[in-house]
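Novice: These are the residues of each chain, in order.
Protein chains: 2
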Amino acid sequence: MSKRLLFALTGIIAFSAASHAQVVASKDPDSLAIRKIFDEALLHGQSYDNLHYMCKKIGHRLSGSPQAAAAVEYTYQVMQQFCDTVYLQECMVPHWVRGTHDEGKITGSKSHGTVPVNLLALGGSIATPAGGVTAEVLEVHDFKELEKLGKKGVQGKIVFFNHPFDNAHVNTFHAYGECVEYRWAGPSVAAKYGAAATIVRSMTNGIDEFPHTGSMHYDTLQPKVPCAAICTRDAELLSKIIKNEGKASFYLNLDCQTLPDVKSYNVIGELRGSERPEEIIAVGGHLDSWDVGEGAHDDGAGVVQSMEVLRLFKATGVRPKHTLRAIMFMNEENGLRGGTKYAEVVALKKEKHIAALETDAGGFSPRGFGLGMTDAQQTKVRTWAPLLLPYGIHELKSGGGGADIGPLAKQGVPVIGLRPDSQRYFNYHHTPADVFEAVNKRELEMGGAAIAALLYLIDMYGL
Amino acid sequence: MSKRLLFALTGIIAFSAASHAQVVASKDPDSLAIRKIFDEALLHGQSYDNLHYMCKKIGHRLSGSPQAAAAVEYTYQVMQQFCDTVYLQECMVPHWVRGTHDEGKITGSKSHGTVPVNLLALGGSIATPAGGVTAEVLEVHDFKELEKLGKKGVQGKIVFFNHPFDNAHVNTFHAYGECVEYRWAGPSVAAKYGAAATIVRSMTNGIDEFPHTGSMHYDTLQPKVPCAAICTRDAELLSKIIKNEGKASFYLNLDCQTLPDVKSYNVIGELRGSERPEEIIAVGGHLDSWDVGEGAHDDGAGVVQSMEVLRLFKATGVRPKHTLRAIMFMNEENGLRGGTKYAEVVALKKEKHIAALETDAGGFSPRGFGLGMTDAQQTKVRTWAPLLLPYGIHELKSGGGGADIGPLAKQGVPVIGLRPDSQRYFNYHHTPADVFEAVNKRELEMGGAAIAALLYLIDMYGL
Numbered sequence: 001m002s003k004r005l006l007f008a009l010t011g012i013i014a015f016s017a018a019s020h021a022q023v024v025a026s027k028d029p030d031s032l033a034i035r036k037i038f039d040e041a042l043l044h045g046q047s048y049d050n051l052h053y054m055c056k057k058i059g060h061r062l063s064g065s066p067q068a069a070a071a072v073e074y075t076y077q078v079m080q081q082f083c084d085t086v087y088l089q090e091c092m093v094p095h096w097v098r099g100t101h102d103e104g105k106i107t108g109s110k111s112h113g114t115v116p117v118n119l120l121a122l123g124g125s126i127a128t129p130a131g132g133v134t135a136e137v138l139e140v141h142d143f144k145e146l147e148k149l150g151k152k153g154v155q156g157k158i159v160f161f162n163h164p165f166d167n168a169h170v171n172t173f174h175a176y177g178e179c180v181e182y183r184w185a186g187p188s189v190a191a192k193y194g195a196a197a198t199i200v201r202s203m204t205n206g207i208d209e210f211p212h213t214g215s216m217h218y219d220t221l222q223p224k225v226p227c228a229a230i231c232t233r234d235a236e237l238l239s240k241i242i243k244n245e246g247k248a249s250f251y252l253n254l255d256c257q258t259l260p261d262v263k264s265y266n267v268i269g270e271l272r273g274s275e276r277p278e279e280i281i282a283v284g285g286h287l288d289s290w291d292v293g294e295g296a297h298d299d300g301a302g303v304v305q306s307m308e309v310l311r312l313f314k315a316t317g318v319r320p321k322h323t324l325r326a327i328m329f330m331n332e333e334n335g336l337r338g339g340t341k342y343a344e345v346v347a348l349k350k351e352k353h354i355a356a357l358e359t360d361a362g363g364f365s366p367r368g369f370g371l372g373m374t375d376a377q378q379t380k381v382r383t384w385a386p387l388l389l390p391y392g393i394h395e396l397k398s399g400g401g402g403a404d405i406g407p408l409a410k411q412g413v414p415v416i417g418l419r420p421d422s423q424r425y426f427n428y429h430h431t432p433a434d435v436f437e438a439v440n441k442r443e444l445e446m447g448g449a450a451i452a453a454l455l456y457l458i459d460m461y462g463l
Numbered sequence: 001m002s003k004r005l006l007f008a009l010t011g012i013i014a015f016s017a018a019s020h021a022q023v024v025a026s027k028d029p030d031s032l033a034i035r036k037i038f039d040e041a042l043l044h045g046q047s048y049d050n051l052h053y054m055c056k057k058i059g060h061r062l063s064g065s066p067q068a069a070a071a072v073e074y075t076y077q078v079m080q081q082f083c084d085t086v087y088l089q090e091c092m093v094p095h096w097v098r099g100t101h102d103e104g105k106i107t108g109s110k111s112h113g114t115v116p117v118n119l120l121a122l123g124g125s126i127a128t129p130a131g132g133v134t135a136e137v138l139e140v141h142d143f144k145e146l147e148k149l150g151k152k153g154v155q156g157k158i159v160f161f162n163h164p165f166d167n168a169h170v171n172t173f174h175a176y177g178e179c180v181e182y183r184w185a186g187p188s189v190a191a192k193y194g195a196a197a198t199i200v201r202s203m204t205n206g207i208d209e210f211p212h213t214g215s216m217h218y219d220t221l222q223p224k225v226p227c228a229a230i231c232t233r234d235a236e237l238l239s240k241i242i243k244n245e246g247k248a249s250f251y252l253n254l255d256c257q258t259l260p261d262v263k264s265y266n267v268i269g270e271l272r273g274s275e276r277p278e279e280i281i282a283v284g285g286h287l288d289s290w291d292v293g294e295g296a297h298d299d300g301a302g303v304v305q306s307m308e309v310l311r312l313f314k315a316t317g318v319r320p321k322h323t324l325r326a327i328m329f330m331n332e333e334n335g336l337r338g339g340t341k342y343a344e345v346v347a348l349k350k351e352k353h354i355a356a357l358e359t360d361a362g363g364f365s366p367r368g369f370g371l372g373m374t375d376a377q378q379t380k381v382r383t384w385a386p387l388l389l390p391y392g393i394h395e396l397k398s399g400g401g402g403a404d405i406g407p408l409a410k411q412g413v414p415v416i417g418l419r420p421d422s423q424r425y426f427n428y429h430h431t432p433a434d435v436f437e438a439v440n441k442r443e444l445e446m447g448g449a450a451i452a453a454l455l456y457l458i459d460m461y462g463l
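Taken in order, these protein sequences are the chains called A and B.
If you count by our numbering, then the first sequence holds residues 1 to 463, one letter each, in order.
If you count by our numbering, then the second sequence holds residues 1 to 463, one letter each, in order.
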């Protein structure tokens with residue numbers, strides 16, 4: 001029996017034998033250049049090793065922390081290996097620190113007694129009074145419910161915002177968008193009606209043990225109340241106890257605090273343009289992360305991909321016509337001081353940006369780009385689809401860039417966001433689970449290559 | 001400052017606020033039906049729970065094992081909850097069993113001394129003689145090298161096939177396709193030249209600790225030699241030792257054996273067609289797995305997705321016009337007896353199949369389908385692209401279905417293969433790492449919904 005027949009019979013290579021052909025670059029020079037970029041990324045990519053360093057040698061990197069400073073130093077060193085210029089851009093950043101404990105318990109349940117709860121103080125929260133707060137829990141699903149209850153119903157209680165993700169959304173960021181206001185604005189909205197504290201259901205698709213921290217904002221007109229995120233499993237339990245027993249009490253003890261602002265930096269590397277060096281194409285991610293896990297997907301991935309984009313140009317021998325600039329933004333998570341500072345300097349120096357791209361949606365398989373630009377510019381980008389599709393880049397839709405480049409967008413700069421597959425993102429986002437092991441090497445390197453390919457085309461043909 | 005402005009400034013919902021709109025079904029009835037399918041899968045999908053049972057309550061399921069029998073029983077029970085008919089289709093399967101140890105060592109290295117190696121006997125391998133085989137290693141990269149050396153160069157040695165994956169392939173199955181012949185045919189090709197045994201570099205993209213087992217075939221004209229897969233990290237080390245020291249020795253000790261064939265079953269469930277019940281649309285995965293890990297991606301995922309497709313039709317109130325049949329194939333991994341038997345019975349009963357789809361490429365985010373059918377049929381399928389694209393299904397290319405439906409393809413049945421994202425597949429394939437925890441709920445459920453959506457369209461409009 002021939003080898004061929006044997007294969008066919010057992011079918012062990014059914015996929016490879018019969019499936020669509022390998023991506024082969026045509027003789028078109030753009031197609032060849034992009035194939036070279038992907039070859040370099042898939043065969044010799046450095047994103048994964050750089051991410052390993054960021055995660056395992058530095059760790060999580062909240063603004064103002066020694067690790068954030070170490071990340072500034074590390075990315076400065078890495079970019080010196082392949083950039084024409086690397087420099088720091090000073091900015092002052094908030095310095096919030098988690099205390100020695102984030103503690104919470106459901107107390108006095110008839111059916112469950114006292115139940116320790118997995119929670120994390122929200123970034124920016126004040127501490128509870130020493131000894132903690134114990135109060136009745138008021139569960140609400142949205143702000144309307146809270147308003148309806150008014151001061152009489154809310155006063156002195158711990159408000160529990162329990163608004164689950166709508167899992168019917170194909171893109172998980174849409175579910176996040178519907179819930180995050182309860183984390184962000186919930187504490188001050190509840191304080192308006194006299195709440196003693198707030199707890200919020202963690203921002204994630206599933207039911208699990210991980211509390212998801214994140215930023216919140218105190219309205220200056222309202223008293224500040226302590227606030228924390230509880231894991232979805234405990235949110236479900238708390239809701240069940242309230243339903244079955246008519247009420248529940250909660251004990252919350254946080255000792256976080258906000259220290260004076262600290263000096264920090266954006267880290268900027270450049271490949272100088274060969275034809276129009278005064279015109280800039282920017283790519284960036286954010287150096288800082290929350291103070292749990294390792295900030296691997298958020299946004300270690302974006303940082304190492306942004307650096308890698310410049311290295312890919314260099315390694316494949318593409319000298320950009322415009323200046324290609326990688327920016328490691330500081331303080332995306334709790335202040336956006338780096339992004340704000342960057343845009344201020346751009347305005348001050350009257351630097352012209354052709355486009356700015358941010359990668360801050362995780363190191364997953366790239367599927368497309370969100371395009372924050374005019375319809376005509378979007379149409380132009382879509383003419384490049386055949387060059388990107390062989391690499392699985394199929395989504396070129398209107399959309400936002402990212403938080404750090406938001407201030408640039410306001411100046412009229414066309415902004416772009418990398419869109420990786422979103423299914424797994426909120427398993428990790430702002431939790432202790434966002435570690436190096438949650439990132440796949442090939443997915444991460446593909447993301448950097450996808451960005452480099454798009455920026456290559458923008459550099460060649462403008463927007 | 002308004003809440004809106006605060007959001008904009010901090011950009012915490014930059015993605016959700018500015019990104020492309022949520023997938024909203026138009027008033028087109030097909031669009032609505034597909035949206036219902038995805039809603040059901042994402043909100044109430046049962047694939048993940050069924051997979052949990054398959055992995056954690058049953059475990060790996062090599063043909064002939066008690067676990068394979070338990071998987072027959074389990075899927076039979078599950079499908080009875082929503083199918084019109086469920087039945088077993090008998091087939092005899094091979095019964096190969098791994099012994100009490102798979103042992104290997106690099107021996108007598110000047111630099112490394114004796115190095116234990118992570119390895120797994122290939123499925124179907126004979127045992128070594130008691131006490132194992134120790135011999136000089138002959139490293140080759142392909143069959144040509146081996147042929148050139150001939151009997152004189154090979155006789156008595158342990159041939160080490162060291163053909164790494166080409167990581168430049170975007171689709172990892174293409175890299176697999178280039179390497180797998182050394183696992184499959186290597187032992188007999190080496191035996192032809194007098195090899196004492198063979199070891200093969202594991203079939204995977206990265207450098208890690210996991211040996212990847214898999215099927216092999218003994219050519220009846222050649223003596224049988226024992227064979228095993230070694231992990232890529234040890235393959236690299238062995239190659240380095242040979243390079244630096246000019247040679248290496250290897251000790252291999254396997255006590256696996258092939259027992260008499262065992263009676264087993266395909267498990268088949270049906271929703272009877274409302275208009276043309278005698279015409280069948282088939283969907284399947286394979287019940288058996290290798291005897292390591294939990295067979296989560298390969299192919300527990302495909303099994304639970306295939307069952308789920310029928311449940312999704314039932315739950316969303318879609319009565320198929322044609323009979324929709326789910327087949328849990330037995331013995332894909334080492335014999336294909338289930339797929340062969342199924343096609344035999346189809347031919348015997350003259351059952352008409354409109355199409356057959358297999359899901360056997362992992363429970364990752366679905367990206368498209370491989371279409372094994374005429375050009376005209378492919379063109380028809382591509383007219384449905386706008387209905388599938390909102391769910392990330394962007395690849396509708398010519399390609400194969402899967403091993404189990406290969407025999408049907410030979411009878412002229414149009415075959416289809418689900419194409420999930422392939423980047424992570426070979427991290428797990430045929431290893432102890434292919435466990436439930438490696439599967440993401442949303443990705444898995446999306447895969448089942450994608451299949452249901454395509455089969456809904458085939459049921460509505462034919463091929």
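Rather than coming from a laboratory, the hints here were simulated on the basis of the structure.
Small disclaimer: the values here were computed from a predicted structure and weren't measured.
We put the CB at the ideal spot given by N, CA and C, even for glycine.
Just to be clear, a hint being listed does not mean it is correct.
Said to hold, decoys possible - Below, simulated DMTMM-like cross-link-like pairs (lysine to aspartate or glutamate); rule was C-alpha separation at most 25 Å, straight line:
| id | chain 1 | residue 1 | chain 2 | residue 2 |
| --- | --- | --- | --- | --- |
| 1 | B | 380 | A | 395 |
| 2 | B | 148 | B | 208 |
| 3 | B | 56 | A | 208 |
| 4 | A | 27 | B | 208 |
| 5 | B | 36 | A | 166 |
| 6 | B | 240 | A | 255 |
| 7 | A | 36 | B | 178 |
| 8 | A | 380 | B | 395 |
| 9 | B | 397 | A | 28 |
| 10 | A | 314 | B | 181 |
| 11 | A | 152 | A | 142 |
| 12 | A | 56 | B | 208 |
| 13 | A | 36 | B | 395 |
| 14 | A | 56 | B | 209 |
| 15 | B | 314 | A | 166 |
| 16 | B | 192 | B | 181 |
| 17 | B | 397 | A | 39 |
| 18 | B | 27 | A | 39 |
| 19 | B | 224 | B | 166 |
| 20 | A | 27 | B | 181 |
| 21 | B | 397 | A | 30 |
What the hints assert, rightly or not - One side of the interface only, derived from the structure: several residues of chain B facing chain A at Cβ under 10 Å:
| id | residue |
| --- | --- |
| 22 | 43 |
| 23 | 85 |
| 24 | 86 |
| 25 | 245 |
| 26 | 247 |
| 27 | 391 |
Novice: Going through the earlier hints one by one, which of them does the structure break, listed in rising order?
Specialist: Of the numbered hints given earlier, those the structure breaks are 2, 4, 6, 10, 18, 19, 20, 23, 24, 25, 26, listed in rising order.
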